[in-house]
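> Count the sequence shown with our numbering and you get residues 316 to 460, in order.
Honestly, I wouldn't trust all of these hints.
Simulated restraints on C-beta separations [said to hold, decoys possible]:
| hint | residue 1 | residue 2 | range |
| --- | --- | --- | --- |
| 1 | S320 | N391 | 34 to 44 Å |
| 2 | I325 | I405 | 31 to 41 Å |
| 3 | E381 | L330 | 37 to 47 Å |
| 4 | V340 | K383 | 15 to 25 Å |
| 5 | L336 | D389 | 35 to 45 Å |
| 6 | P423 | H326 | 21 to 31 Å |
| 7 | L330 | K383 | 46 to 56 Å |
Straight-line alpha carbon distances no greater than 30 Å define the calculated DSBU-like cross-link-like pairs of lysine-lysine that follow [unchecked claim]:
| hint | residue 1 | residue 2 |
| --- | --- | --- |
| 8 | K383 | K347 |
| 9 | K421 | K383 |
| 10 | K347 | K421 |
Note that these hints are calculated values from the structure, not bench results.
Small disclaimer: the values here were computed from a predicted structure and weren't measured.
Even glycine gets a Cβ: it sits at the ideal position worked out from N, Cα and C.
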Amino acid sequence: MSEGSIWTFIHWLSLLALAVLAVCVRLVYLAKTHGRVEIGGTVVDVRSVLVGEFPTPFIDFEYEFEAKRLTAFDLNTHDGDFDNYLPGRIVTLLVDPEDPANCRVKMPATFVDGILQNFVTGRLMRHNIQSPSGNNLDIVPSDQK
316 MSEGSIWTFI HWLSLLALAV LAVCVRLVYL AKTHGRVEIG GTVVDVRSVL
366 VGEFPTPFID FEYEFEAKRL TAFDLNTHDG DFDNYLPGRI VTLLVDPEDP
416 ANCRVKMPAT FVDGILQNFV TGRLMRHNIQ SPSGNNLDIV PSDQK
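Based on the provided sequences and hints, a complete structural model is requested.
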């Protein structure tokens with residue numbers, strides 16, 4: 316095996332590892348936020364905090380859940396764009412219904428979320444289901460009829 320082919324192999328293996336890491340990080344996020352309720356929260360204050368080498372907005376929100384007014388302090392948005400979090404702006408929060416003081420900022424959806432969400436909830440998408448008579452039944456989602 317030549318030195319060039321070894322470096323090519325390492326290059327492709329690194330890209331595969333990064334893709335697997337990205338999917339795993341998203342899977343952990345979806346598992347942590349499963350069962351949370353989406354609500355709108357109003358940005359009250361925003362501060363720049365240096366996380367590693369990059370400034371990250373940490374935000375205080377006010378929100379209402381089950382007729383109770385709550386405030387969340389220092390939520391990390393994992394987003395470097397401060398313009399998305401100006402005071403007075405409404406942002407989607409994910410609130411734990413069992414502990415409404417526990418919330419987090421909802422991250423934007425990715426193209427693999429549907430597949431990963433099914434994995435998190437333990438449901439597998441099935442396209443064909445066999446009837447008792449042994450015939451295949453094609454299941455068509457209601458939005459595609």
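> Take the hints in turn and mark each one as holding or not.
Results for each hint:
no.: 1; hint: S320 / N391: 34 to 44 Å; result: holds, 42 Å
no.: 2; hint: I325 / I405: 31 to 41 Å; result: violated, 46 Å
no.: 3; hint: E381 / L330: 37 to 47 Å; result: holds, 46 Å
no.: 4; hint: V340 / K383: 15 to 25 Å; result: violated, 32 Å
no.: 5; hint: L336 / D389: 35 to 45 Å; result: violated, 26 Å
no.: 6; hint: P423 / H326: 21 to 31 Å; result: holds, 29 Å
no.: 7; hint: L330 / K383: 46 to 56 Å; result: holds, 47 Å
no.: 8; hint: K383 / K347; result: holds, 23 Å
no.: 9; hint: K421 / K383; result: holds, 20 Å
no.: 10; hint: K347 / K421; result: holds, 11 Å
Violated hints, in rising order: 2, 4, 5; the structure is consistent with all others.
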